Amino acid sequence: MGKAKRLKSLRKQKESKQNRMTQEQAEKMLYGHELVPLTDPLIKKLVQEQGMPEKDLKDLQAQGAKYSPERNSFFFPPEMEWYD
Numbered sequence: 043m044g045k046a047k048r049l050k051s052l053r054k055q056k057e058s059k060q061n062r063m064t065q066e067q068a069e070k071m072l073y074g075h076e077l078v079p080l081t082d083p084l085i086k087k088l089v090q091e092q093g094m095p096e097k098d099l100k101d102l103q104a105q106g107a108k109y110s111p112e113r114n115s116f117f118f119p120p121e122m123e124w125y126d
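Numbering (our numbering), first residue to last: 43 to 126.
It is worth saying that the hints were derived from the structure and are not from the lab.
Just so it is clear, the structure is predicted and the values come from calculations on it, not from any experiment.
Careful, some of the hints might be misleading.
Said to hold, decoys possible - Only pairs whose alpha carbons sit at most 35 Å apart, straight line, appear in this in silico DSBU-like list of lysine-lysine:
hint, residue 1, residue 2
1, Lys-87, Lys-97
2, Lys-97, Lys-86
3, Lys-108, Lys-97
4, Lys-54, Lys-87
5, Lys-108, Lys-86
6, Lys-87, Lys-100
7, Lys-100, Lys-86
Given the sequences, and given the hints that come with them, work out the whole structure.
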């Protein structure tokens with residue numbers, strides 16, 4: 043490979059890295075809000091304030107769901123992995 047091709051290849055790699063999105067950036071772009079982990083204190087709060095079944099919330103927690111306070115909704119991690 044000649045010098046020009048190597049430089050072109052290196053530029054493409056650099057641009058690709060700069061254009062990649064982190065998982066956090068992708069979540070913000072897709073959902074437009076912050077997703078928070080479903081922690082034990084949050085579960086307790088949702089049970090007390092909204093009457094959500096604790097068992098269901100614990101199941102969601104075990105499955106890795108995240109909570110959106112803005113939408114009062116649960117989201118699951120993407121099926122694919124993000125690479126930085």
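Those earlier numbered hints the structure runs against, lowest number first: Failing hint: just 4.
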